[in-house]
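Enquirer: Each chain, letter by letter, is given below.
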Amino acid sequence: MPGDFRTQIEALRPYLLRYASMQLRNPDAAEDAVQEALLAALSAEASFAGRSNLRTWLTGILKHKVVDAIRRQSRELPASAAGEEVDLSELDPLFAEDGHFKVAQPAWEGPEDALGQKQFFAALEACLARLPVRTGRVFLMREHMGLETGEICKELGITPTHCWVLLYRARMALRECLQTNWFGK
Amino acid sequence: MASCKEVTRLVSQGLDRNLGLGERLAVRLHFVVCKQCYNVGRQMAFLRRAVQKLSQDESGKGG
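If you read the sequences in order, they're chains C and F.
For the first sequence, our numbering puts the final residue at 170, and the numbers step up evenly by one.
For the second sequence, our numbering puts the final residue at 66, and the numbers step up evenly by one.
Heads up, a few of these hints could be off.
[Stated by the list, open to error] As a list, the in silico DSBU-like pairs of lysine-lysine whose alpha-carbon atoms are at most 35 Å apart: (1) 38/F / 103/C; (2) 170/C / 38/F; (3) 56/F / 87/C; (4) 103/C / 87/C; (5) 38/F / 8/F; (6) 170/C / 8/F; (7) 87/C / 170/C; (8) 48/C / 103/C; (9) 56/F / 170/C; (10) 87/C / 38/F; (11) 139/C / 56/F; (12) 56/F / 103/C; (13) 170/C / 103/C; (14) 8/F / 48/C; (15) 8/F / 87/C; (16) 56/F / 38/F; (17) 8/F / 139/C; (18) 56/F / 8/F; (19) 48/C / 139/C; (20) 48/C / 56/F; (21) 8/F / 103/C.
[To be verified] Over the 12 Å line for every Cβ pair with chain F, so calculated as not near, a few chain C residues: (22) 16; (23) 25; (24) 31; (25) 33; (26) 53; (27) 60; (28) 77; (29) 85; (30) 97; (31) 99; (32) 127; (33) 128; (34) 140; (35) 159; (36) 161.
Quick caveat, the hints were computed from the structure, so don't treat them as lab data.
Don't be surprised by glycine CBs; every beta carbon is placed ideally from N, CA and C.
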């Protein structure tokens, strides 16, 4: 029944909103993307028939809407922001002159246990929020939405090399942040 | 021998593209003697799993 389908879709709205907010960091843009995705889903009910997982299907639709929003947003980002972030000098304090680590990088204890804790994800989100805008965006497009680097480059109009630099800096910053705020505590 | 700076960068790229044979070898050799980079590599892989779980766990349960 159509009514049923609408109810099921609406029930997933909080999840979808969370998903979009994570990526877009802008409540209005996230709300718009979810709204567009829900409308698209309603008009495409027929194409859902026979698929097992409604959430997966909806997430797929939402990803496209989020990428559209990112494309719009990145047109508004000044080009200078792109240049600044290729610079990796913030990592210099980590390494000695010969390029080796200055201090020990301990293994994390019980990382799998952390994945079962709500507070851990709160810490992770706080660390993500501290990343520079473009760095965080690229990292989440890659790791949260699972897009390939080529697709990310295309959408943001950056080179693969730039993309890898941003991903590297995001990973280094996040592990440092989690070391400080979670694993090293 | 590659530096930690180079190796951590390669390890990160290994999550985004297929590394060449020489690159993979450089990472492996470095890991043998450098626990720091090995740990960092594990942490980068863990970050991927953690971020994938971010919106999944608390979804649809009012959380």
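Enquirer: Any Cβ of chain F at or closer than 12 Å to residue 25/C, or is the non-interface label fine?
Expert: holds, 19 Å
Enquirer: Compare the distance between the alpha carbons of residue 87/C and residue 170/C with 35 Å, and conclude whether the hinted pair is satisfied.
Expert: Distance of about 20 Å is within 35 Å: holds.
Enquirer: Starting from residue 48/C, check that the Cα of residue 56/F is at most 35 Å away, please.
Expert: It holds: about 16 Å lies between the C-alpha atoms, which stays within 35 Å.
Enquirer: Please check whether the beta-carbon of residue 127/C is more than 12 Å away from every beta-carbon in chain F.
Expert: Given a closest Cβ separation of 7 Å, the condition is violated.
Enquirer: Is it the case that residue 128/C keeps its Cβ farther than 12 Å from each residue Cβ in chain F?
Expert: violated, 4 Å
Enquirer: According to the definition I'm using, a residue is off the interface if its beta carbon is farther than 12 Å from all beta carbons of the partner; does residue 140/C meet that for chain F?
Expert: holds, 15 Å
Enquirer: Given the proposed pairing of residue 87/C with residue 38/F, does the C-alpha separation stay at or below 35 Å?
Expert: holds, 13 Å
Enquirer: Confirm or reject the statement that residue 159/C sits farther than 12 Å, beta carbon to beta carbon, from all of chain F.
Expert: violated, 6 Å
Enquirer: Straight-line Cα separation of residue 48/C and residue 103/C no greater than 35 Å?
Expert: holds, 24 Å
Enquirer: For a C-alpha distance cap of 35 Å, please report whether residue 56/F and residue 103/C respect it.
Expert: Status holds; Cα separation ~11 Å.
Enquirer: Determine whether the non-interface label on residue 31/C survives the test: each CB of chain F must be over 12 Å from its CB.
Expert: holds, 24 Å
Enquirer: Check the hint pairing residue 38/F with residue 8/F against an upper bound of 35 Å on the C-alpha distance.
Expert: holds, 14 Å
Hint compliance for this structure: hints 28, 29, 30, 31, 32, 33, 35, 36 are not met, and every other hint is.
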